[in-house]
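S.K.: Residues per chain, in single letters:
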Amino acid sequence: MYDPTLVAPMREELTRIGVTELTTAEEVDQFMGDKSGTTLVVVNSVCGCAAGSARPGVTLALQQSDAKPTRVATVFAGQDREATERARSYFAEVPPSSPSMALFRDGELVHFVPRHAIEGKDAIGVANDLAAAFGEHCKSE
Amino acid sequence: MGTFHQGKSELHGITVVVDTDGPVVYIGRCDDENEHEVILLDAADHDAESEGSSKDDYIAKAAKFGIWKKHDRISIPRGEVVSIRRLGEISG
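Taken in order, these protein sequences are the chains called A and B.
Per our numbering: the first sequence = residues 4 to 144.
Per our numbering: the second sequence = residues 5 to 96.
Since the hints were made in silico from the structure, they are not lab data.
Careful: at least some of the hints might be erroneous.
Said to hold, decoys possible - On the chain B side, residues computed to face chain A include the following (Cβ under 8 Å):
| hint | residue |
| --- | --- |
| 1 | F69 |
| 2 | G70 |
| 3 | W72 |
| 4 | S79 |
| 5 | P81 |
| 6 | G83 |
| 7 | V85 |
| 8 | I88 |
| 9 | R89 |
| 10 | L91 |
These numbers were taken from a predicted model, which means no experiment stands behind them.
Glycine included, C-beta positions come from ideal geometry on N, C-alpha and C.
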């Protein structure tokens, strides 16, 4: 596990735009218990190879898309293991990877972005892909 | 902001498909590669002869959602490797 002081800015990249951070299994269950509307779950991670563009990509998509998920939460892989495992149990049919993103509509997984779909993309590329998924599955504001 | 990995190959951290001259294809996160070997982390191997689906079918499925890890680390002899592709550049 990485030093929490190293990880803190990576958490804040998402929490400062209003993403709900879930650090325990109970928090995950409580958050996922509300199945109404659309929910985005971001599995954050330390590795800069992909997470370095994933976090700003999420930020851009949420700031610029007309269509957005009703609620957005994040768990941190390799840091908050219990919360991450519980979050992944809601999309257990998908192999685990981090960073990754899961979009639910009315509690059903409708779109998944695995790590390999993020690798090599810049933040704008990640945001464009995510915005396309929002446009398909989420209501415009 | 992220971590940095100096001294590794340019594919370090990238999920790749390593095809071989035999029936086996490997998919995993490239740790490093050199003239002797390709090292993958969190990897899976698929044997098209014994597992009932072709390499292409396995790769296409992996391109959509990823792979279920079979190995924490695997070293593939360079002499067996015929190609290395980024999984993210393959349509699922």
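S.K.: Indicate, hint by hint, whether the structure satisfies it.
M.R.: Outcome of the hint check:
1. F69: It holds, given that the least Cβ distance between F69 of chain B and chain A is near 5 Å, below 8 Å.
2. G70: Because about 4 Å separates G70 of chain B from the closest Cβ in chain A, which is inside the 8 Å limit, the hint holds.
3. W72: 5 Å, holds
4. S79: 20 Å, violated
5. P81: Since the shortest Cβ distance to chain A is 24 Å, the answer is violated.
6. G83: 26 Å, violated
7. V85: Interface hint status for V85 of chain B: violated (19 Å vs cutoff 8 Å).
8. I88: Nearest chain A Cβ about 14 Å off; hint violated.
9. R89: Result: violated, 11 Å to nearest chain A Cβ.
10. L91: Cβ of L91 of chain B sits 4 Å from chain A, so the hint holds.
The earlier numbered hints that this structure contradicts are 4, 5, 6, 7, 8, 9.
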